[in-house]
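Engineer: Next come the chains, spelled out residue by residue.
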Amino acid sequence: MIRVVLPANLQTLAGAGREVELEVAGQATQLSILDALEASYPALRGTIRDSDTKLRRPLLRFFACEEDWSDASPTAPVPDDVASGKQPFLIIGAIAGG
Amino acid sequence: MSRVRVLVGTRKGAFILNSDASRKQWEVDGPHFAGWEMYHLKGSPANPDRLYAAQSSGWFGQVMQRSSDGGKTWEAAGNEFKYDGTPGTHVWYDGSPHPYEFKRVWHLEPSLTDPDTVYAGVEDAALFKSTDAGQTWSELPGIRTHPTASGWAPGAGGLCLHTILIDPKNPERMFIAISSAGAFRTEDGGKSWRPINHGLRSNTMPDEDAEVGHCVHRIALHPSRPDTLFMQKHWDVMRTDDSGDNWREISGELPSDFGFVIDVNTNEPETIYVVPIKSDSHHFVPDGKLRVYRSRTGGSENDWEALSKGLPQKDCYVNVLRDAMAVDALDPCGVYFGTSGGQVYASPNAGDSWAPIVRDLPAVLSVEVQTLS
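Residue numbers (this note's numbering), protein chains in the order written: chain A, 1 to 98; chain B, 1001 to 1373.
It is possible that part of the hints are untrue.
Said to hold, decoys possible - No farther apart than 30 Å at their CA atoms in a straight line, the calculated lysine-lysine pairs in the DSBU-like style are these:
1) 1012(B) to 1103(B)
2) 1024(B) to 1289(B)
3) 1129(B) to 1072(B)
4) 54(A) to 1129(B)
5) 1012(B) to 54(A)
6) 1314(B) to 1289(B)
7) 1278(B) to 1314(B)
8) 54(A) to 1082(B)
9) 1012(B) to 1082(B)
10) 1103(B) to 54(A)
11) 1082(B) to 1129(B)
12) 1012(B) to 1129(B)
Hints were generated in silico from the structure; no laboratory data involved.
Chain A on its own, in the form it takes in the complex (with noise of 0.2 Å):
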């Protein structure tokens, strides 16, 4: 089971509270974990990635293990406490200061 923290605007759009469970089929990467989220919660296809190429919006930042997991690769595997379901693995919007 992979716990996935959405951001308020996402909740709102997906029906869902703070934090969603998946089930992840294989090893859990971000595309996996993206794959699952969108399956289970059809309603946030496209707003966390683009639908086409898969890439990540722009001002959307991912979050695993208190480590920046934006860049990394979509295939790399998510840590172990992520996998396991130990600690969530966090899509955050960008904060604007001011």
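Once you have looked at the hints, place chain B on chain A.
Structural biologist: Chain B in isolation, oriented as in the chain A frame:
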């Protein structure tokens, strides 16, 4: 008994305002989609319970929403807007070629007869159509691939296709407007288009009366006279009586011929409304006074009258954006508009007097109204 439902899109969510035919007591429902930019919401004339909404965010992109119960509940529809074939380029602000890129939906225009068919005008300028209630979208590429399209440049708000009018007497004929390319007409359901900008003059262009390149802000028509169109251009209020083949200026003595909205009284095809705005740099109402101007001769006799009863006439500095005025189908005609200050005003008497429905919403992007029986 008739009632009205006003659909309001704002910078931070959507609101639905309901009243009976008196249009004096209002129920405010919302925010829907709180935190999201709601560029436009519109109901199907064929089934008023079917609503469409364009929801977007700089962070999360475009989302489309659909309701089948008049806005009580919503479901996400399809949000894939792919240009047909190679997108090509338009002119960027610095004059260089720039690839057409989908950014957002500006305007939704449901079919007059089929609740599952809806058109979407998008930035960068293109027209999309859905025939399955917004689940999938296909581009009608004729406009984006028009021979002039590679020379179009964006207005300050982007290269947006923001107005779609369907001829009630002939649904194959539609009118669209693009900032800042101009107005176009199709006679074949969107397959092919011709510019309809003859008579427009834009003195910021090297060729003031070029075929394209005009910053048209909004077009309106009365359903009974689809050959007569009214236009609020970046500068100038214009009119055509031959479906856009020839335009003439009707700005008259308006305090400013700049503005965004224009609309036509449902019961009087020659009664039109504009909200003059001070420009270029200010983009708020002149003299600190919020005034709607009405002409009962379609602008032909320079009979513009200021409608100010109930509107702030001191220290008011709001704007009214292009999709933020609507009229209902009651008699007398109700007129509605929303401001950048978050007010939505209603006039139940064709503009003679106004009252705020709400005063403190987020900045209003769009206002539509449905007349329900």
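Engineer: All hints, please: hold or fail.
Structural biologist: Results for each hint:
Taken as a hint, the residue 1012(B) and residue 1103(B) pair is honoured in the structure, with Cα atoms around 18 Å apart against an allowance of 30 Å. About 23 Å separates the Cα atoms of residue 1024(B) and residue 1289(B), which keeps this hinted pair within 30 Å; it holds. Restraint check for residue 1129(B) and residue 1072(B): satisfied, since their Cα atoms lie roughly 25 Å apart, inside the 30 Å limit. Distance restraint check for residue 54(A) and residue 1129(B): the Cα-Cα separation of roughly 24 Å lies within the 30 Å cut-off, and the hinted pair is therefore satisfied.
The suggested pairing of residue 1012(B) with residue 54(A) holds, with an alpha-carbon distance near 27 Å, which does not exceed 30 Å. A hinted pair counts as satisfied when its Cα atoms are at most 30 Å apart, and residue 1314(B) with residue 1289(B) qualifies at roughly 6 Å. For the hint linking residue 1278(B) to residue 1314(B), the alpha-carbon distance of about 15 Å falls within 30 Å, and the restraint holds. Between the alpha carbons of residue 54(A) and residue 1082(B) the distance comes to roughly 14 Å, so the proposed pair stays at or under 30 Å and holds.
Taking the CA atoms of residue 1012(B) and residue 1082(B), the gap is about 26 Å. The hint holds against a cut of 30 Å. As the CA atoms of residue 1103(B) and residue 54(A) are separated by approximately 16 Å, the hinted pair is consistent with the 30 Å bound. As the CA atoms of residue 1082(B) and residue 1129(B) are separated by approximately 11 Å, the hinted pair is consistent with the 30 Å bound. Of the supplied pair hints, the one linking residue 1012(B) and residue 1129(B) holds, its CA atoms being roughly 26 Å apart against a limit of 30 Å.
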